[in-house]
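First to last, the sequence lines map onto chains A and B. In terms of my numbering, the first sequence is residues 1 to 193. In terms of my numbering, the second sequence is residues 1001 to 1306.
Please keep in mind that the hints were generated in silico from the structure rather than gathered at the bench. A hint or two may mislead.
Unchecked claim - List of simulated lysine-lysine pairs, DSS-like, C-alpha gap at most 25 Å:
no.	chain 1	residue 1	chain 2	residue 2
1	B	Lys1148	B	Lys1260
2	A	Lys141	B	Lys1148
3	A	Lys35	A	Lys131
4	B	Lys1073	B	Lys1117
5	B	Lys1260	B	Lys1290
6	B	Lys1245	A	Lys131
7	B	Lys1096	A	Lys49
8	B	Lys1096	B	Lys1117
Said to hold, decoys possible - Computed list of chain B residues with no C-beta within reach of chain A, every gap over 10 Å:
no.	residue
9	Trp1042
10	Val1249
11	Pro1254
12	Gln1256
13	Leu1258
14	Leu1261
15	Pro1286
16	Lys1290
17	Ala1293
18	Glu1301
19	Met1302
From the three backbone atoms N, C-alpha and C, an ideal C-beta is built for every residue, glycine too.
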Amino acid sequence: MSQTADDPNGSNTGNPADLGNLFSIVVAETELRTKFNAVPLQEAGLCFKPSNQNAFSAFEHILAQLLLAGEQVTRTQYRILDDPYGFRWIILKSPAFEDLVTAIYLTAETFEEHALGSQLLVASFLFSSGKQEIEWIFNFKNYNFYPFVPIPGNNERNNSLELRLFREMGGAIPIEPQLENWHPIFDIPFEGR
Amino acid sequence: MRRRQTVIRDGGLKLRMYFVMTSLALVYLGFLGILTILGIPWHFIGIIAAIMLLVQYYGSDKLVLRSLGAKLKTPDEEPHLHAILDALVTKAGIPKPKLAIAVTDVPNAFATGRNPKNSVICITTGIRSRLSNEELTAVIGHELSHIKNRDVTVMTLASFFATVAGMLMGVLMWMSLIGGMGGRGRSSGGSSTAVFMIAYLVSVLVYFIATLLILALSRYREYGADHGGALLTGTPDELASALQKISGVIARIPSQDLRKLETANAFCIVSALKGESLAGLFASHPPLDKRVARLNQLQLEMNNER
């Protein structure tokens, strides 16, 4: 189903798993629309663990400049928020889905260029099928996605829809094959909530 | 009246259960016979047996609860679950068991305790977060049915000799290796080694056969508890749906937030280990599709009676 996901060391020909996997969500957008009637909700988030070291605040300064530049060039707005778990979120907003994905990619790439890739946790892309919000979570450890469909109100999730997304979207995006790793990420501070 | 009809259909199951238990008893009697013929001292077997029985009978429930880190909960702490329990025990006509909650993402529920008066029903947070109210009620009905049928006692006694055989296996193996215990008047060192070797092989065989029988017995008991629990709640289909949710593919999807996991790494290892031991437990349960098929059949019968 997803060769890149099965072999993170990339011993299979060509395609070692990397940040480039992020862009598969752009292709999948059309398929999500036709199969699940789901459209992007113009928001995406990147979650990382802040560090107390001085070097890190210098890095965050560089990050802010990058995000500001993105805001001016592509009108991709950004907000930075802390969550109760001690993680920090960069929430991006843009009507153009490709711009959102590119912004997430560039931000994550900046982390890796500064040898801070290990601080990255996940990125989340928000969709809606009208009735339900669907999130695609990208895990920076394995460089693949998994579906997450939270049920509003209580910390529960729609497992059956998630499994359907897994079955039907596996051809379009690299999906984490180990279901045990599909950990929920509740209450991402998106604006539309 | 009609309800009795459905209960009677359970008769075949009871018969098979008695058959398995009789076979077990015969295996154990044969085991004791052979050990006596071989001249293994009675007091030696007796002491091992007595210790194992005491530990299993009095300690196993506390051991299980402690190993899972389960905590007993009062009605004030868990009003909702206690309300479900209250309603069901009244119907079932058994004393109300204690309620324990284990904080683990692995979806599971079990009943333990040596008799209905001393029993505990334990529910994991993983099962509670995955099931609807009706499904949870059905699962509790299943566990109460285990308590009512005294399944814990039956299974403890059934596995008791298998455990003794297992212990003897280890001890005898060791003894035959070092050439037998000295000071046994009747036999010289060489022949006592042979005796221990034979006794060891017999123990292995008994352990193997007993384990197979016990697993069969356990599966019948599961069917029995499915049946009894479904009659108690009147909702076989809810139990079927709960079973599908907790032992199907959905059970593999975690419900713990990734960020919580990343902050407390220690928990990660524990929950991974628990997942494996649960897989082992499932071997003692009948296949999911068969259980679901039986429950669907029961639901059909109930619908027809209405």
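Hints, verified against the model:
no. : hint                  : verdict
1   : B:Lys1148 / B:Lys1260 : 39 Å, violated
2   : A:Lys141 / B:Lys1148  : 49 Å, violated
3   : A:Lys35 / A:Lys131    : 15 Å, holds
4   : B:Lys1073 / B:Lys1117 : 17 Å, holds
5   : B:Lys1260 / B:Lys1290 : 37 Å, violated
6   : B:Lys1245 / A:Lys131  : 23 Å, holds
7   : B:Lys1096 / A:Lys49   : 47 Å, violated
8   : B:Lys1096 / B:Lys1117 : 8 Å, holds
9   : Trp1042               : 50 Å, holds
10  : Val1249               : 7 Å, violated
11  : Pro1254               : 5 Å, violated
12  : Gln1256               : 6 Å, violated
13  : Leu1258               : 4 Å, violated
14  : Leu1261               : 6 Å, violated
15  : Pro1286               : 23 Å, holds
16  : Lys1290               : 22 Å, holds
17  : Ala1293               : 21 Å, holds
18  : Glu1301               : 28 Å, holds
19  : Met1302               : 26 Å, holds
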